[in-house]
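Got chain E sorted already, so can you dock chain X onto it with the hints?
Chain residues, written in single-letter form:
Number of protein chains: 2
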Amino acid sequence: MTPQDWLATFAAALTRADIPAAVALFKPDCYWRDLLAFTWNIKTMEGKPAIAAMLHATLPTTAPSDWTVTSPAETDGDATTVWISFQTTTAHGTGRLTLKNGLCHTLLTATEDLKGHEEPRGQTRPQGIVHKADRNRQTWREARATETARIGREDQPYVLIVGGGQGGIALGARLRQLGVPTLIVEQNARAGDSWRNRYRSLVLHDPVWYDHLPYLPFPPNWPVFTPKDKMGDWLEAYARIFELNIWQSTRCESAQYDAEEWQVEVNRAGERITLRPQHLVFATGAYGPPRAIDLPGAGDFEGTLMHSSAYQTGAPFKGKRCAVIGSASSAHDVCVDLWEAGADVTMLQRNPAVVVRSETLMAFGFDLYSEEAVARGITVERADMIAAATPFALFAGQQKALYQKIREHDADFYARLAALGFALDFGEDETGLMMKALRTASGYYIDVGASELIAAGEIKVISGADVAALTPGGIRLADGREVQAEVVIACTGYQSMNETVAGIVSRDAADAVGPCWGLGSGIRGDPGPWQGELRNMWKPTAVEALWFHGGNLALSRFYSRFVALQLKARMEGIATPVYGRPAPVQRGL
Amino acid sequence: MTPQDWLATFAAALTRADIPAAVALFKPDCYWRDLLAFTWNIKTMEGKPAIAAMLHATLPTTAPSDWTVTSPAETDGDATTVWISFQTTTAHGTGRLTLKNGLCHTLLTATEDLKGHEEPRGQTRPQGIVHKADRNRQTWREARATETARIGREDQPYVLIVGGGQGGIALGARLRQLGVPTLIVEQNARAGDSWRNRYRSLVLHDPVWYDHLPYLPFPPNWPVFTPKDKMGDWLEAYARIFELNIWQSTRCESAQYDAEEWQVEVNRAGERITLRPQHLVFATGAYGPPRAIDLPGAGDFEGTLMHSSAYQTGAPFKGKRCAVIGSASSAHDVCVDLWEAGADVTMLQRNPAVVVRSETLMAFGFDLYSEEAVARGITVERADMIAAATPFALFAGQQKALYQKIREHDADFYARLAALGFALDFGEDETGLMMKALRTASGYYIDVGASELIAAGEIKVISGADVAALTPGGIRLADGREVQAEVVIACTGYQSMNETVAGIVSRDAADAVGPCWGLGSGIRGDPGPWQGELRNMWKPTAVEALWFHGGNLALSRFYSRFVALQLKARMEGIATPVYGRPAPVQRGL
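These protein sequence lines are chains E and X, in that order.
To convert, note that position 321 of the first sequence is 321 in my numbering; the numbers rise steadily by one, no gaps.
To convert, note that position 38 of the second sequence is 38 in my numbering; the numbers rise steadily by one, no gaps.
Only chain E is shown next, with the shape it has when bound in the complex:
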């Protein structure tokens, strides 16, 4: 069956609400990933029964139509893939369909635009002016000044975003295009400070092709790896260009949901202001608060102790013995920074970590996001949709194969690292770095220089030894060894984002939502049951009108579109029946 035939048959079955006939068109091992179009959720249906159940619940309100194949077929082994488009009662949809032997293996359906609320762009971009003399003319500058002065005071935002890093800024830009009144509150003084304030030597570990923000791609001469301060400047310029309303130097202190709106207390450079948005989005990072260092004897330690989030430069530690607890990205970067500053550096590795050479990862792992992809016509928007079309359940298998290749390619490198005592792993099921990032957001490092220092013995590694306690002069390990240290940097990671909610909304709300991030893979740090999607991210949570947005630049770029569409639909009063909304994790709210 050709994709055209398949789609026509599928469309006909859906039109006559013949769910068994529709489901019969899928393989036994099949996946339908939906981004809002059917479920008003971000959800992957795995297997025929899950697909049938979803259709039973959503078909009457969705009434899909106009299914069209919009591209020539791409073939890869026994798989045939096409781009598709379709309509629902409320949305223009696009997607990707992969057939194997004439049956559907994977289907992606995604809302592209809301009917009647299409995002202005290209042909429908704003005019910028009405060409007519007008004694009541309000110029752009005057309108913008009025808006800036009133929002959060006379005019309440429909959406309040807590956090003005890449997540908040990308979402803010999307919402502005959709005409959703939005205010971003950010504790730092300047847009982009969330990058500028990190440690001195930080440079993005992902390449430019993967890091574009919405609407305004980096120019063709932008460096492959963006230095942190340059990224800060880009975000600041971006926020200005897209006319975002950001209150800088503003802390969100508390938030209560009451009578269909939030009451949010913020402190804006000393002034306490109550905001009343309809929706509250936490965009405070992919992570929550730093994981506190709670070690026996911490009070006795006579040296300098800090969490990596507070670390900025190794300069004060020149010539000092420094112990770095942890072996993921921050730990590696901090070790290099300390070494560059002339410190004596020991990494205390508690758990094995996956390390990949940046060069190798660029060559093997970013085929969709590269200059070659661009040359093949794969824009970042297309790349995002291609990536989104692979369900997380299948992604693990692809990654396992990738890491097999990487391990062979860099066998010498890994042997040298292991010889120096570094405890390597590739995840419990050998699926490598990206799966660790998705499952636990921890335990990996893209090597941009630290591993060579470790292999050369310039950074000492003590692995497999838990930290038992701090002593006045350093650290005592669980096996009894003492490590002398005048400086201890705890690169111990971050808590889940719902802990940020605990601090601002309530313990009950944080518990009702439960942890964010992770797929429910059942490995350590990502307990089951299997979710098939990232927990609580970019979609309705168990708490009304409370949302999480975040992730690296790529995830912020892609999913900001869907968060914005969900909020826009609610503002416009479009019915948004959520299929598979999570129930509160615990009683309480």
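Heads up, none of these hints are tricks.
All copies of an identical chain are treated as equivalent in the list; a pair is satisfied when it fits inside any one copy or across any two copies.
In silico DSSO-like cross-links for lysine-lysine, where the CA-CA straight-line distance does not exceed 30 angstroms:
| id | residue 1 | residue 2 |
| --- | --- | --- |
| 1 | K460 | K320 |
| 2 | K460 | K318 |
| 3 | K405 | K460 |
| 4 | K132 | K400 |
| 5 | K132 | K460 |
| 6 | K405 | K132 |
| 7 | K318 | K132 |
| 8 | K400 | K27 |
Note that these hints are calculated values from the structure, not bench results.
Same frame as chain E, now just chain X:
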């Protein structure tokens, strides 16, 4: 003859230096426009003798090769056009070739990149970091801070650009990509103020597709017509993103060329600093200083008198009788602004002007720069090259046809305007607005609202009457009539850019260069002889190391590339024999 055959024959003739054979491949009416590749100049050779003369002079040093047709042929009537590429001793070249009946009608050759100094982009973009621990690491922020602190002090720029509007900023961005140390001095306090400081209601008259800056196109949701303050913010963000070195609040007071470098005295917010660049670029606008109002009786006038360049808002003039001298763009916009403020407005029209409705011009005049063009794959870079491939001598004819269409389309509109006494023309040879812009940079208005006010009698027009003198209570016209006015705004235009040189370098230098802009068409304000290109713009002038860059956003975008390549070549010591360099216009230097 196919384009492939033609190009192969042409290439063979050039290779064996058989100039008669090469020239025999051209039609009698033929045009070869060259942007640096052969001439290190911006020059159009018109007719076979001119082409032969140019080849005699340039072929030995240019040694062109690798001529290749790089696109399918486009046909239009009896014309067949292809994109081409070629190499010279120093350059990678591209161009466009149009054949009629197998012979060349027009040829464009342009330097794309300098060999060995190709601009980093795409695959060759900078890495942003060396992935290696380094105790002498200088971060991006540190390097940038050092550069900013030293330039103009310890380190002299190779190029000094006077003027930080769109021209200076676009050129600065090009030069930075090419690694040419550059400093921009700008008298306003903030980048973008050259737009912000203009009158309140100003909005760009050209559409977004025509206005992109290099490297970073406006996003797809940018308005069609950019309000002036939004443009100011864009330029400010752009300058930051491209890491331009701009000294704001800095006036260029004098400049002398001496011993192969300039000595330029600048006043930076009160501090006098001497700069020593190798090249000096005037990017102070397409125009020079305002054309002073020198009317008998100006001293007696008891009201407010100002040039349009100083006009910001009509607010102070509510209820007052205002006379606006002039009938081009500024005069129209100022009239509307005054009317909107509630003033009583009379336009004193000294000369006829061409008016085109914005909507009509968008529909008929911007086929290369539109959403439709983008949809057809005509990027702004392609559009610029297609536009550049039409020699100015042929452009007039195309424009004449266009204005015939426009006049028919808007016959009613023009009749209404004329009925109210507005003196319309379409140029001495009926070629319309763009030709006026190119020839005299004056005498035209894209209607964005004023004409309806004129047609409705809301703005009164007195035309064909020269201003004889100011009186205490207003204006006396040459025919003896008196116009009562408490406010006179002189929209009398600007002098040529070389007058800016007179103020900063010397009268002698300004005279040696002669006027800028204009094609030498022989019409009033654009005296012959025929130049075939814009005088003195973007190419070597009669004064060593003195350059002019400017024009609207589109011209600044396109020609900044060629100015930058010329400066880069000189910095790298590449031989740049200029064919057809202008001789000093007068003795003196």
